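If you read the sequences in order, they're chains V and Y. Each residue of the first sequence is one higher than the one before, counting from 319 in our numbering. Each residue of the second sequence is one higher than the one before, counting from 532 in our numbering.
In short, the hints are calculated from the structure, not lab data. These figures come from a predicted structure and were not determined experimentally. Be careful, since some hints might not be right.
Claimed, not checked - Cross-link-like lysine-lysine pairs, in silico, DSSO-like; alpha carbons within 30 Å at most:
no.	chain 1	residue 1	chain 2	residue 2
1	Y	538	V	975
2	V	502	V	459
3	Y	751	V	914
4	V	975	Y	844
5	Y	533	V	1004
6	V	725	V	766
7	V	459	V	725
8	V	1004	Y	702
9	V	909	Y	856
10	Y	844	V	914
11	V	909	Y	533
12	V	914	Y	538
13	V	766	V	502
14	V	684	V	487
15	V	909	Y	751
16	V	909	Y	538
17	V	1004	V	975
What the hints assert, rightly or not - Chain Y is nowhere near these chain V residues, computed Cβ spacing over 12 Å in every case:
no.	residue
18	465
19	472
20	501
21	575
22	718
23	825
24	854
25	941
26	961
27	964
28	1029
To be verified - Now the stretches of chain Y that chain V is said to cover, found in silico as 3 or more residues with beta-carbon under 8 Å:
no.	stretch
29	553 to 566
30	569 to 577
31	672 to 683
32	793 to 801
The beta carbon of each residue, even a glycine, is placed where N, CA and C say it ideally should be.
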Amino acid sequence: METGEEFGPWLSRQLRLAGRTQAELAEELQLTRAAVSAWITGRSTPRPTVMADIAKALGTDLGTVHTRTTDTQAGLPVTWYHRPGYPDGGRDLGNAAAFAFDADAQVLARETCQNSLDERLTENGRPVKVRYTLHELTGEKLEAFREAILWNDLFPHYSAVSESAGGQKVGRVVDAGVRDMYEKGRLVLLRVDDYNASGLTGDDYADGKFAAVVRRQLESLKSGHSAGGSYGLGKATLWATSALGLVLINSTLSVPHEGRTERRVIGRLELPWREVDGEAYAGPAWFGRPDPDSPGAMVARSWWADEGTVENLYLSRENDEPGTSFLIVGAHDVGGLAENSSDADDGSAGDERDDEDTRDITRMHKRLVEALGRDFWAAMTGGGSRLPLLEVSVRALRNGEEVVPEKQVDPSVEQPSRTRALRAHYEGTTVDRLTEAGQVAVRNIPLKLPLFGGVRGTLGTHQAVLLVTESEKDADGAKNSLHSLRGNRMTVKRATVPRLPIGTNPFQAVLLVGEAAGETTPFAKEAEEFLRAAEPPEHDRWGQTEELTLRWSPSAYRRINALTTEANNAVRELVARPKRSSREGGEALRKALTVKKKTKAKVPTGPVVPALDALDATVGDGGEWQITAEVTIPRGDEIAPMVPVAQLDVRSGGRPKLDWAELVGVEGCEVEDGILRFIPGARRAKFRGTTDVTSHPVRTTLTRLVLELRAGKGE
Amino acid sequence: MKIYPYKRLSRSIALRVTSVSLRLSDGTRDRLETSAYSTQQQAVALGIAGRTDWVSATIGLSVTLPPGVNAPDAPWSELCVLAVLTDGETNVRTSVNLTLDTEGGHDWSGALEVLRDDHRGRASLAVYAVGTVDGVRGRSITETDRSWIIDTVSDEPVRDLQLEVRQASFKRSSREWLHAYADAPWIVDTSARVPTVLVNTDIEGVMGLLDSNSSGVESKVRDLLVAQMATDAWTAVFHGAIGDLEVESGGGPVFPTDWQGEVLREMLPDVIPGVHVEEALRQVHRRRTGESGWVELQTRIHYAAVRRADAGKALAYAIRSLEQKNRESET
């Protein structure tokens, strides 16, 4: 049997939820108030017969009282709590943190996956598992879901926002989201689950991960110094991705809260300021159980839901491993539309013709896999004695039916070359110089760490690890680029190595800094801290930041520039030929003296020259070549007469010429003395011919025929 | 357009070089870095290490056959894959059998041994998939569509043929024949392995001008000089190429396979426009050896050389730059 929480705290909460006192319960059970008090403080437990009475008094069944894995439903029902408008009349017309990001599935993938990585439970050494599920609901399923989230209570708020949508960005997005749901009769849910992560631990209001995510803005409570995030902005992408501004959360905790770990559920809605039924609301709203301890028992807090409820909310987790599920209601992907014009390198261009739908789940699926592979290939790579830090899979469903089957993102498919490089590094199979395709070369690149507080001098030199390997086909994205990463193994910086000589073999390079270079590397921790401070909220580069200026010095970022320069130099040294200084005569003259094979000859004026377009040839019964050829004719007033010449191909020397036994114009041309004369104005022509067997020097089946059209007499 | 009397694959073979190493005269090996070859240029430069004592080079190859080659209903059997190195200058042909990496796969690999004494410079490497079709053995089913260039001399893996540029003091050079040209700023030597432009360092500052990277009038003058030299070089190279053509039994010229061929293929479309290069070569050859027409052709040859040298552009830039200079001094 499942063991729930202690009886005392549980009973105490049930009473509070139901808005009853200990004295009232004692009276109903016809017991003394002291007896009830003793249960609550844990000094005694009720006898089994009394349990049944308690269950009756709380309006629930005996099982619930015994197992205590869930709250009784007798309490105040789960509902929406909207934060009232500010008494000073201030209005927030949107969440500033959410404005920092676009509704882009790839940004979401990056931020959420980074959070999961940071919250990985490190003790067991296993990777954190992240799963993205795109789920499109229509028809009855959509109805049922709307009922589960009490849509009817929310609708007036959405209408109010839509009405005032005119000038506000958030309002317009929400308006469009609601309209899409009604007009197309569908809703896209994007669920992000992580397993083997810490989950949303801590109290509903006091400091802790739960409050940091659900109640606060711009707070980051990361679990370690190598964590990726540092701004507390990432969670805003969850709400930014929802066109309805609505995210539901179900968390399994790694550390029990109120004696429980499973199915801690809450929802949060981000809307701009609005007025409904004459009441002003500040913006955010929470979906939960009203907290009897809050003023007027209005504020909604997380509740411990039963399995049926999470099922209805599409929040069921597949096992009891700690971690969190975020359900983004009304997910849309605006970033996906502009994508192919900018990322032509990714090879994904061309399939964007169908429609401009920001809610296409198969496309969102593809974009998620792409982004996860690109940003987290290193975290997903293991080798030697190292396990990967991260496992990610993506799937898409429609009304519970699989549309795109669950697919684990495989770094060796998404980023084959870089993954090979990192694996070789873990396994110790790197080399000093590249002498064979597929090898991985390694170099150490020094990062001189500055002293704190603007003091001149160097704290110490951290040796970053640079890996370079040949690029495999087109799978790696832009070629000749350098990915930089630190302890959390998320690609921070992607840049093309500049100033490479023409003809350099395509390569991919990886720069491991901080703890990524190895936990025991000298100054790994310090480098980690320094670089983390140098990351902007997007975590996509290292450079000048305010934090860097405040904690180190305004010129501290130059140390990073020096690292980049050194790394680029090392890459060039590994992949490119040394520049020859002994080169005589200057580049300009050399260039002018290159046989390019590309210079297009100038088209002469005069009659246009037809060209062979298609040729069909077979060997006839008599050993003759029978050909049917098609000719294209450029536009022109006068068409030059052409002579078809049949020859046999040879490896060297002159080609033996065959005579024609028959030559007939089929369309667009006439044959006269072996010369093709084209009908004026024709753009295509077709002719037929048979070679004269007596002119064949060898057996026809052992020859290769070459047909040419020659201008003039065709000698 | 070529037609074969049997069924073939329409798609071509992909060839990659995976490693290059030199065997030295003392029997040791020097594994060259991967920068000795360029997969983009499809070229291998064996001279990159600056070694003079190598005897042979081993080039590691990896080949991917197009899909359909293993199809159960394919009309070919006894499939084998051959890498063939052809040298148009020395007429040496070396072929090597590649081996299938995994049963039923498309990838084949092997190593090609290039003997230094067999080559003078550029050789081309192609791969053929060969099998028995309709009972006839040794038929090519598909090939690489672009050959790799294996250059035993070059120190840079580039595909395009580059004419040599060398500097020498014509007066004091150990090459005594240069003494006769002591007052020429440059000459073109088409009898060398690759046509070479020799620049006379006795003319003071000429190398400095050619090597200069400055902008402004100086660079425009340099470009003019380069255009002038290139025009000379292209004209000389064309005459050199057309001058000793091999003639086949019927009297028609044979297209050369070495640098001369490359130069002719490049320039002939401008000399005799509108016809196939082979036809153009026949016409040029006829005019040169025949009774008439050679003199009239000189203008066309000169025109082809001027186009290659980009003389028009260089001149226009120089003039514009001078005009600018004049305007500046007026104001």
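Here is how each hint holds up against the structure:
no.	hint	result
1	Y/538 with V/975	holds, 23 Å
2	V/502 with V/459	holds, 14 Å
3	Y/751 with V/914	holds, 23 Å
4	V/975 with Y/844	violated, 43 Å
5	Y/533 with V/1004	holds, 17 Å
6	V/725 with V/766	violated, 42 Å
7	V/459 with V/725	holds, 25 Å
8	V/1004 with Y/702	violated, 65 Å
9	V/909 with Y/856	holds, 27 Å
10	Y/844 with V/914	holds, 18 Å
11	V/909 with Y/533	violated, 34 Å
12	V/914 with Y/538	violated, 34 Å
13	V/766 with V/502	violated, 57 Å
14	V/684 with V/487	holds, 28 Å
15	V/909 with Y/751	holds, 16 Å
16	V/909 with Y/538	violated, 43 Å
17	V/1004 with V/975	holds, 22 Å
18	465	holds, 53 Å
19	472	holds, 54 Å
20	501	holds, 45 Å
21	575	holds, 55 Å
22	718	holds, 37 Å
23	825	violated, 9 Å
24	854	holds, 35 Å
25	941	violated, 10 Å
26	961	violated, 10 Å
27	964	violated, 10 Å
28	1029	violated, 5 Å
29	553 to 566	holds (count 5)
30	569 to 577	holds (count 5)
31	672 to 683	violated (count 0)
32	793 to 801	holds (count 6)
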